[in-house]
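Student: Listed below are the residues making up each chain.
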Amino acid sequence: MKTARKPVLAATAVCLFLLAVVAATAALMLAGEADGSGGGRTPEERIVALVVLTLAACAVSCWMIFRLYALYVSAPLRMAEELAATLAHGSLRVNAHGAGELQVLGQAANQLLALHEARENDVAERVREARASLEEERSRLAALMADLSQSVVVCNLDGRVLLYNQRAKQELSAGEDGSNAELLGLGRSIYTVFDRALIGHALERLQQASQERAEGDSKQLVGSAQFVTATRAGRLLRAHMSPVLGGNGPHQAQVGGLSITGFVLVLEDVTSTNERHARRDALIQALIEGGRGPLGSIRAAGEMLSDFSDMPSQQRDRFLRVIRDEAAVLSLQFEKAASAFSNDLRERWLLEEILGGELLLVAARRIAERRTSERRALAVKTEDVDDDLWLRVDTFGLLQALRYLALRLQDEYEVREVRLSLTRSGQLAQFDLSWLGTFMNNETAMSWLQDPMTTAGESLPLSVLDVIERCNGEIWFQRERVSHRAFFRTMLPAAEPPKDLPRAIVAAGEGERPEFYDFDIFGWSAASHELDDRSLVELSYTVFDTETTGLQPSQGDEIIQIGATRIVNRRLLRHECFDQLIDPRCRLSQQSIEVHGITRELLVGQPFIDSVLPKFHAFCADTVLVGHNAAFDMRFLQLKEKQTGVRFEQPVLDTLLLSAILHPNQTSHRLEAIAERLGVSVFGRHTALGDAIVTGEVFLKMLPLLAEMGIRTLRQAREASQRTYHARLKY
Amino acid sequence: MSKKILIADDEQNIVISIEFLLRREGFEVLVAGDGEDALAKVRAERPDLVLLDVMMPKMNGFDVCQALRADPDLSATRILMLTAKGRDTEVSKGLGLGADGYMTKPFSTKELLAEVRKLLGM
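These protein sequence lines map, in sequence, to chains A and B. For the first sequence, my numbering gives the first residue as 1, with consecutive numbering after it. For the second sequence, my numbering gives the first residue as 1, with consecutive numbering after it.
Because the hints were derived from the structure by calculation, they are not lab data. The beta-carbon is built from N, C-alpha and C at its ideal position, and this holds for glycine as well.
One-sided excerpt, in silico: chain B residues whose CB lies under 8 Å from chain A:
(1) 14
(2) 16
(3) 17
(4) 20
(5) 85
(6) 104
(7) 108
(8) 109
Kindly generate the complete structure, drawing on both the sequences and the hints.
Tutor: In structure tokens form, the structure reads like this:
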């Protein structure tokens, strides 16, 4: 239908309708006037005809109007709905409806939609790329940090831990008794590990340093601060603190035009270094001060003897005696110092894992190195090298010892070639230095092994025996008369191939964000301690569960296992777990063993509740507790308050109550039932940690559902829980 | 009249030499083996100079020095401290407590003699 004809059609329809009405009226009037003339029809007949006519006209008009409505009113409405639907799903299109011009409009809209979708896909692609490169950088950083021998911890200005490496976890998580107390964790306060004042002071110095620099030379990088402190486990750490410069986040300090959003702590265990330094200082001090007295006496006596040579012989003898005695005292002191120093040296040499073949190659190279005074280098051959043999030795010392022996052979017995071999002999590694031809007798060989190692220009206060002993090995001299070979044979314990440091950071599950990382909590502040008005999604949680000997804490039932994990920034941190069996000091009923599978034997030697609860309390610090049917577990904890002196005053959320808020019409709010409803797979149930993890996953699924119901803050969640609780009580 | 010098040191082996040297130089020499003995001999004999070792039994050299300086009657007595510890802090402590000179072992007997003469104004 042509566009131009539409108005005509519409007009015609209306005209026809009017015409029909007018005609009907006119016909009625005419009929009235011509009543007498006798038109052949009765007025009734006329009226019937008119009514029929009018009805027909009306029917035609109605049909026309409905048709027009369908074409021009409902079609655009349908198109509008379809258009609205594309807002949610960009791939949808508008269908052709109604009149041709509306279809043209639809085509235009579809073109626009296609363009929009293409752009959106483009943006999404770019976001994906950016995320991938970010992820790559992150895993690079993770790998780097995992390999560092120092501990690294990154915190925001409130001291919340944002990032740490494995080494930091090992070093800082140990409690006072040396056991793992999980003191370090994401979102946790660094002040549970370090003194607040200490960090505060270092931060101040840092800010001051940056201020000074910024005043002099604008936009200079901020400096760093150092301090030494002790961990709970009594280790001495040297900490190096540098600032994290940041953008314009809400939590930052402005220093000289630069904003600091946090700080990095690089920590080094200096316990042994410090002890060694202190020991060495004391040694030197003792040597100096102890030497002054005797030396003073010797010097004075010597000067008297030479200045007053006319003295009587009796007097001379007295001076000589002074010199002899004091010299003896001095010698003794030097001996003592020398042996202390040698001990110190011995301790300083660490054993390290090395592939035997590698050690052999290095040894061969070192022995073959031509000495400056030497006319000819010593030839070295390696044979029978077991390539898979690992040793745990003081590499440096062992190389020194081999070189010393080989060079002495060359110097004193004119040996021209030595051979090195390494073979496995059961649990031991047999390491031979052998040569052909001349050899010494046993006594000489023994003295070689016992003498301090001295080769041209180099001297060590250690003997070959010292070195081998330190490697937990034995060395001896042996000869085979038949083959004219002689050798020094060393037996060393074979070592396990070294295990890499746990690389938990990079080893996090595929596609999963590594859990040691959380840069997103940078803007997270603990300044507001009023947790109630905090959004549920930004709070940190400790999800926990206990296994007990029974259901009646007041009747003497006890906790036998506590398992807990944490949620930070809506992520369950499986790497930061608390999992502890507890000796309940009472009998286990068969019934309870069937529930949790923990037998008496498993609990023998486990700590008592008195020592576990303080650790668990520290683990929960600054978090909201979450449990399934938490009231049950809390009751057990509460009953131990007096005994352990630990109070759990954290806010508590119960997934059972939250489930009742979300699904009031469901009959079961057991953990399995909820997990099934929310699509959480259940594993390892009825271990405390397994249940805690399921509870945590369930809780995470609940958060968006709660938000839909308008429950967004801790206060709202608590109030809703309370209402539900009362409602449940009434039933 | 020859000057009187008190040697206060528990190390016999150094006392032998110093005593011998000072007598040969014509001084009258007294010897004390510990801090209390030294203090008593200074009060009784009024020597012109005390050679005072720091590390002594019963009463150390610093305490003896302090006690001597606290007595106005003994203000003319010169004090030369001898020590086997050579730390700067110790030297300044000795001088701060009123010693007139300080020598660290091992010292040369010539220097000791020169210092003794200087302190006695000879």
